[in-house]
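S.K.: Here's the letter readout for the chains.
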Amino acid sequence: MYAYTDFDRDFLSERNAQFRAQVERRIDGSLTEYEFKPLRLMNGLYLQLHAYMLRVAIPYGTLNAAQMRQLAKIADRWDKGYGHFTTRQNIQYNWPELRDVPDMLDALGEVGMHAIQTSGNTIRNVTADHFAGAAAEEVADPRPIAELIRQWSTDHPEFQFLGRKFKIAVTGSDQDRAVTAAHDIGLRLVEREGQLGATVLVGGGLGRTPMIGKILNDFVALPDLLPYLEATVAVYNLLGRRDNKYKARIKITVHENGIDEIRRRVNAEFATRKAAFNGADMDMLKRIEADFAAPTFAAGQGAFPTHYQHDPVFRSFVDTNTVAHRHPDYTILTVSTKAHGATPGDATSHQMRVLADLAEQYAHNELRISHEQNVILPHLPKRHLRAVHAALAEVGLATANVGLISDIIACPGMDYCALATARSIPVAQEIAERFDALKLEHEVGPLKIKISGCINACGHHHVGHIGILGLDRAGVENYQITLGGDGGPDAVIGERAGPGFAYDDVTDAIERVVRAYLDLRTSPAETFLDTYRRLGAAPFKAALYPEEAKANAA
Amino acid sequence: MPRQFTPKVVTANALLEGDVVYLTKHGDWTRRHEEADLIEDQATADIRLLEAQALAHEVVGPYLADARTGPKGPEPVHFREAFRTRGPSNYAHGKQEV
Chain A
1 MYAYTDFDRD FLSERNAQFR AQVERRIDGS LTEYEFKPLR LMNGLYLQLH AYMLRVAIPY
61 GTLNAAQMRQ LAKIADRWDK GYGHFTTRQN IQYNWPELRD VPDMLDALGE VGMHAIQTSG
121 NTIRNVTADH FAGAAAEEVA DPRPIAELIR QWSTDHPEFQ FLGRKFKIAV TGSDQDRAVT
181 AAHDIGLRLV EREGQLGATV LVGGGLGRTP MIGKILNDFV ALPDLLPYLE ATVAVYNLLG
241 RRDNKYKARI KITVHENGID EIRRRVNAEF ATRKAAFNGA DMDMLKRIEA DFAAPTFAAG
301 QGAFPTHYQH DPVFRSFVDT NTVAHRHPDY TILTVSTKAH GATPGDATSH QMRVLADLAE
361 QYAHNELRIS HEQNVILPHL PKRHLRAVHA ALAEVGLATA NVGLISDIIA CPGMDYCALA
421 TARSIPVAQE IAERFDALKL EHEVGPLKIK ISGCINACGH HHVGHIGILG LDRAGVENYQ
481 ITLGGDGGPD AVIGERAGPG FAYDDVTDAI ERVVRAYLDL RTSPAETFLD TYRRLGAAPF
541 KAALYPEEAK ANAA
Chain B
1 MPRQFTPKVV TANALLEGDV VYLTKHGDWT RRHEEADLIE DQATADIRLL EAQALAHEVV
61 GPYLADARTG PKGPEPVHFR EAFRTRGPSN YAHGKQEV
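Note that the protein sequences, when read in sequence, are chains A and B.
Mapped onto my numbering, the consecutive letters of the first sequence carry residue numbers 1 to 554.
Mapped onto my numbering, the consecutive letters of the second sequence carry residue numbers 1 to 98.
I should point out that these hints are in silico values taken from the structure, not numbers from a laboratory.
Incorrect hints may have been included.
Which chain A residues face chain B? A few, computed with CB under 7 Å, are given here [claimed, not checked]:
| hint | residue |
| --- | --- |
| 1 | T32 |
| 2 | W78 |
| 3 | K80 |
| 4 | L98 |
| 5 | T343 |
| 6 | P426 |
| 7 | D486 |
| 8 | D504 |
Sample of chain A residues with no beta-carbon within 10 Å of chain B, all distances over it, derived [to be verified]:
| hint | residue |
| --- | --- |
| 9 | D8 |
| 10 | G207 |
| 11 | D224 |
| 12 | D243 |
| 13 | I252 |
| 14 | E269 |
| 15 | Q301 |
| 16 | V313 |
| 17 | E366 |
| 18 | N456 |
| 19 | T522 |
| 20 | A551 |
Think of the CB as a built atom: it goes at the ideal place given N, C-alpha and C, for glycine as much as any other residue.
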């Protein structure tokens with residue numbers, strides 16, 4: 001992991017002291033809310049529906065045990081004993097009080113964490129593949145690049161007041177677990193003729209105008225990457241619209257100007273900016289890469305094969321929640337925060353401490369947060385899997401549902417978010433409980449449901465195999481369903497199925513769609529998405545709207 | 001014909017805790033919706049909102065929310081405001097915790 005230098009620590013300390021003084025001036029009346037709001041947002045502090053909310057960056061989703069324990073301590077001391085992991089690999093505290101926030105930021109600083117640029121019209125927390133450095137099929141670990149981008153973008157003077165927020169994601173795998181096509185800039189690390197570089201996508205994003213990113217450059221060699229990124233953001237900063245916040249994201253800039261014109265301008269800007277870098281960024285990258293060196297992997301699986309063979313509960317957990325590690329005696333374990341009926345992404349302070357202990361004791365002191373709101377032990381020796389499973393079971397974290405129907409992404413929705421127009425969390429809870437009661441979810445197999453409580457799409461509903469969008473229709477919660485979305489390497493925006501459903505009818509509607517899939521699939525090996533792609537939307541729409549289908553048939 | 005006025009309350013969030021608060025008849029803030037001043041006309045609503053905005057050292061973001069008369073006092077009309085009177089659905093936190 002990247003280790004903070006004295007420079008980093010001093011920077012955070014000074015920044016926190018500055019914010020502490022700003023908070024004091026707001027409380028004593030020297031600053032108005034109008035003056036204070038941009039300052040608090042620059043430090044990740046929002047005011048939501050019921051309380052303040054502090055959004056803490058977890059750069060590229062990577063944590064060590066000490067950091068996880070500190071997150072737990074903050075949850076206990078200044079919040080309500082839990083935290084919420086988000087689709088941007090951040091953690092949010094929903095109940096801080098204003099005068100406590102400087103202390104919370106100091107506590108974060110003690111373990112090299114912060115809340116800088118987790119809000120505002122600037123480059124946000126850089127996200128990455130949550131299996132980085134561990135996945136068997138990976139081309140390269142994306143985290144050193146992500147860390148380089150984090151250092152470059154933090155307090156970058158040119159990019160503190162962009163037209164809108166700006167999100168960058170990096171993957172080093174062709175599986176694209178970082179949803180790069182739905183980001184302002186997506187970087188896919190690739191190797192060409194022995195040289196590492198990146199395919200650069202631009203103009204992706206969800207929200208009210210969902211768009212899949214376009215290829216700006218199919219190969220930018222690593223030494224050119226940072227100046228090329230800087231050129232891209234600079235072009236957006238100059239060309240992007242500021243007359244209408246709904247048209248201010250780079251996806252609109254790309255759409256209105258055309259990818260060829262954007263590419264021409266970026267290339268021109270790159271030509272002038274490249275000289276300023278002088279290779280210093282590559283020296284920095286070398287130092288960063290050393291921090292991300294893989295741990296020394298120990299051979300042997302111990303009693304794992306025996307346990308796997310004789311314990312069906314354990315076997316189900318392993319089959320569902322683990323994937324292949326680059327080392328054959330290791331595995332990547334995804335710990336689901338989605339126990340049936342739980343709030344997706346929430347972890348109690350006790351659960352956080354258990355996860356920290358397990359990482360430290362068994363898994364090379366590394367944890368990840370995924371954009372799917374789960375926690376990952378990326379380097380877990382198979383010989384320790386059973387002990388880890390037992391420890392997780394004691395704290396309600398052993399649910400074998402990763403990638404299944406109850407592993408739902410859900411934004412905080414109107415239960416917390418000031419922007420939301422309907423609730424997300426209780427809908428996710430009810431769907432998970434329904435399919436648990438039906439005992440169908442393992443039979444259904446891989447199926448991603450994603451729920452957003454407003455058009456901003458923090459719950460990624462556009463790229464859900466089944467997406468649910470909560471809206472306010474004439475003062476009542478209403479839920480639109482989209483079908484066929486996909487956030488993978490060939491990302492697709494889902495198609496809206498038809499009229500929305502009332503809050504009380506959503507779960508029934510989802511059950512009808514899923515039962516239709518079970519009837520329509522050619523075999524259990526054909527996933528929901530496969531079936532949808534083979535047959536199109538019509539049979540699923542007929543299941544969703546049976547009365548309409550009956551009328552059309554008559 | 002002028003539009004019919006929907007009664008309003010002035011609501012905001014407390015500066016220090018972020019709690020949802022309501023302006024009372026006496027010009028102070030209460031955590032309880034039923035203790036809010038139910039405003040019956042637009043002119044009074046505008047004046048009371050200005051009063052609330054002048055209390056920026058106590059609250060953040062005051063605005064007018066639709067309300068109606070209930071058995072215990074004003075009650076919210078829209079579900080968003082109803083959630084604000086009690087707290088989130090998933091935990092007994094917020095006002096419902098008290």
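S.K.: Hint by hint, say whether it matches the structure.
M.R.: How the hints compare with the structure:
no. : hint : in the structure
1   : T32  : holds, 6 Å
2   : W78  : violated, 12 Å
3   : K80  : holds, 6 Å
4   : L98  : holds, 5 Å
5   : T343 : holds, 5 Å
6   : P426 : holds, 5 Å
7   : D486 : violated, 28 Å
8   : D504 : violated, 13 Å
9   : D8   : holds, 30 Å
10  : G207 : holds, 20 Å
11  : D224 : holds, 45 Å
12  : D243 : holds, 25 Å
13  : I252 : holds, 28 Å
14  : E269 : holds, 39 Å
15  : Q301 : holds, 40 Å
16  : V313 : holds, 27 Å
17  : E366 : holds, 29 Å
18  : N456 : holds, 16 Å
19  : T522 : holds, 39 Å
20  : A551 : holds, 31 Å
Figure legend: structure checked against the earlier numbered hints; hints not met, in rising order: 2, 7, 8.
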